[in-house]
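Mind docking chains B and C on chain A? Use the hints.
As a plain string of letters, each chain reads:
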Amino acid sequence: MLVDIADLRVTFATRTGTFEAVRGVSMRIGTEKLGIVGESGSGKSLTARSLMRLLPANARLSAERLTFDGIDVLNADERTMRTIRGRRAGFILQDPKYSLNPVMTIGRQVAEAWRTHKGGGRREAEEAAADLLDQVRIRDPRHVMGLYPHEVSGGMGQRVMIAMMLAPDPELLIADEPTSALDATVQAEILRLMEDLVTRRGMGLILISHDLPLVSHFCDRVAVMYAGRVVETLAAGELARARHPYTRGLLDCLPSLTHPRERLPVLARDAAWLQP
Amino acid sequence: MTASPMIDVDRLRVSFGDKEVVKGVSFRVPAGECFGLVGESGSGKSTVLRALSGLNGAWSGRIAVAGAEVGPKRHRAFFRKVQMVFQDPYGSLHPRQTIDRILSEPLLVHGLGDVERRVAATLAEVALPAAVRFRFPHQLSGGQRQRVAIARALIAEPEVLLLDEPTSALDVSVQAEILNLLADLRRQRRLTYVLVSHNLAVVAHLCARIGVMLGGEMVEELSAEDLRAGRAQHPHTRELRTLSVGLEEV
Amino acid sequence: MSVAFTRDWLLAETPASRAQAAWGRRYRAWLGLRANPLAMIGLAVVVAFVLLALAASLLATHDPGAQDLANRLARPSAAHWLGTDELGRDIYSRILHGGRVTLGMVIAVVVLVAPLGLAVGCVAGYFGGLVDRVLMRVTDVFLAFPRLILALAFVAALKPGVESAILAIALTAWPPYARLARAETMTVRNSDFIAACRLTGAAPARIVLRHVAPLCVPSLVVRITLDMSSIIITAASLGFLGMGAQPPSPEWGAMIATAKRFIFEQWWVPTGPGIAIMLASLAFNFLGDGLRDVLDPKQR
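Chains as they are written, first to last, in our numbering: chain A, 1 to 276; chain B, 1 to 250; chain C, 1 to 300.
Bound-form chain A, shown alone (with noise of 0.2 Å):
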């Protein structure tokens, strides 16, 4: 098992008191796709980096397993951690304008991201940097490599940031909300896109997002959380048969193109859902 996650819990200190922002969230993750599902707030980001324990300062993490590949993320020192960020787990994040060094040609920056991994010399870094564009199906790698990040399209730029993440050969990826700054055109290419190296390279996967939809026609399994719980994981192709009204709800009250109606359903929240 890669990621074995029991009762995690992360609160934060406020004025008042604590807030409980992940409330017991158990989960176990292999090679496979996993989409993490909720609204903002739901404590989903906070999950996938707990992991990573990339949280911010005032956040307290407690668990009764956290570990990564046999590791226990909770009482690892910041070595060990390093050598899992960045190296056995790639983090891919929402927009690209923010993630990539605006100074430094593309090329330059995986090459960099290679060699940090891999050591080897200038010419050799270079070389598998486009050998890494080209996997990510960037069609010139060549030309690419030497241009800026502002001079790249959205989409090309999270292409650029996932052959980054691909260059220490992780085992596991963290994508989160990696399509929702893009148009819907190149949202479809960037997943399948990543479907298809998780796959091939037999990775894990853990998608997050707010689009119940998409991440089900990506990922093997997803996990609907709410208010800090997951309240249902679901087989990706049983999203039909969802049980939860909370999931339900969030199926039903999408706008559809196919099935119009007058008025569109209004989740109505119940105080139960907040209950183990």
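There may be inaccurate statements among the hints.
[Stated by the list, open to error] Within a straight-line C-alpha distance of at most 20 Å, the following computed SDA-like cross-link-like pairs (lysine to any residue) qualify: (1) B:K81 / C:T187; (2) B:K73 / C:G129; (3) A:K97 / B:E40; (4) B:K19 / A:S153; (5) B:K73 / C:I207; (6) B:K73 / C:G128; (7) A:K97 / C:T187; (8) B:K73 / C:T187; (9) B:K19 / A:G86; (10) B:K73 / C:A203; (11) B:K81 / C:A195; (12) B:K19 / C:S237; (13) B:K73 / C:R206.
No lab work stands behind these hints: they were computed from the structure.
Chains B and C alone, transformed into the frame defined by chain A:
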């Protein structure tokens, strides 16, 4: 069409420097109708809306609202007739003003009396509790903020509402509430909408007619029924439709 | 208005009136400031200095101008708590009265400078284009002059004295505030909420005054408190060069200037006003840092 349309845009062109981003877009919206503009980022759909609203004066072509032609510079009376709701509810409300202050501002500018009653009534109309009136934007949720933005647009009783991706920054459950609210308001106040969105399902839900933009041009104008039924002509419209429908098949 | 300013009333999550919302926000800022010990020390010192200066005639043990040549350069003693200066004047009394002159100058400079800098910066930043270029080049001209030299030339053209010193310092102090206000304005100029203001049909003057300027005030306030010390020093330098407060009038900078001859033998003469300047500057700096944390909307 017998009466003159509420909005008449004819061969609208907008350039930023040397780059032409809107290349001759024409459409008409009859009073009380909702017109949707869909397209991907960079297609020029938001630029059309900003030229229409008066925020961007560097355009050429012809824009007429309620039969009267308008120029790049608008009179105060224009802003009583046409209002806009922005995409990002976090960025469109002044961070240091209370909701009360935000909503009274248009009334003060237009010299409309009865501020107390109007603010309270408009808050009620967008289904916000009276308790939020003296709060600050950062104390509200995303959906509540977007309701405030809609209230601000409505308070001076306009006839046209320009909606720039009004739900794309919101969670889907909140999106449904806002879409319902917009539909109700249009019916009650006989408003004319121009809705810009990248989401085909949202546009088709609210609008009867839809213009598809690509690279600064409107490549196709069709009815929502035709779009639903797949009677689109242009390949780009068909591609967008396929992607949207593909996601609905669970 | 009979409103009870209770804690609950101030901290109510759902204020019932405009006044309550405004007071609640102020009270929260105060709570934030109170949680910062350094800022509170700064505030306490500033308030103490102002009170001491105001009550100078009550607290002074001697007339600040009374000379006693037989008793010049006396060590601190029961009669003269901080000793006497080269003319036998009581240093303690002179520091108290000097506080009025020095702090008065600082406050007068701020009252002149802050609105000017704010106005120039906001107008330049909001309108951009030609207006911006003209206003900013004027600002640059003032910024390019060495501060003290310009002040000197200005005072020399008028007659030396406290009022001229205030004007001179104000003239040289506003450009940084204009630049700051301009930078703040540029960050909000293209935001959606300012676009929304324009769409209400509001006139540009109203937008600048009611929507843009209030957003620039916090950073300006912070910058001013951080600059207080340098205003004190400039005032002192002018006094030292004979261009500021004139000799019999007790001004901290002038006191140090005249005492520099005795600094090694009679160290207590410059020490008193020196410590006063240092404490006041430090207190303003602490307060400024604290205010930045509380007022800056971006930090919340």
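Consistency of the hints with the structure:
Our distance criterion of 20 Å between C-alpha atoms is broken by K81 (chain B) and T187 (chain C), whose separation comes to about 29 Å. For the given pair, K73 (chain B) sits about 18 Å from G129 (chain C) by alpha-carbon distance, which is consistent with the 20 Å threshold. For the proposed pair K97 (chain A) and E40 (chain B), the alpha carbon gap of about 18 Å is at most 20 Å, so the pair holds. Using a Cα cut-off of 20 Å, the hinted pair K19 (chain B) and S153 (chain A) holds, with the two alpha carbons roughly 17 Å apart.
Only pairs whose Cα atoms come within 20 Å are accepted, and K73 (chain B) paired with I207 (chain C) is accepted, the gap being roughly 17 Å. This hinted pair checks out: K73 (chain B) and G128 (chain C) have alpha carbons roughly 18 Å apart, not beyond 20 Å. Pair hint K97 (chain A) plus T187 (chain C) holds up; C-alpha atoms about 19 Å apart against a cutoff of 20 Å. Taken as a hint, the K73 (chain B) and T187 (chain C) pair is broken in the structure, with Cα atoms around 24 Å apart against an allowance of 20 Å.
At roughly 40 Å between alpha-carbon atoms, K19 (chain B) and G86 (chain A) are farther apart than 20 Å, so this suggested pair is violated. With a CA separation close to 12 Å, the supplied pair K73 (chain B) and A203 (chain C) stays within the 20 Å bound. Restraint check for K81 (chain B) and A195 (chain C): the C-alpha separation of about 16 Å stays at or below 20 Å, so the hint holds. Taking the CA atoms of K19 (chain B) and S237 (chain C), the gap is near 56 Å; set against the 20 Å cutoff, the hint is violated.
Taking the CA atoms of K73 (chain B) and R206 (chain C), the gap is about 17 Å. The hint holds against a cut of 20 Å.
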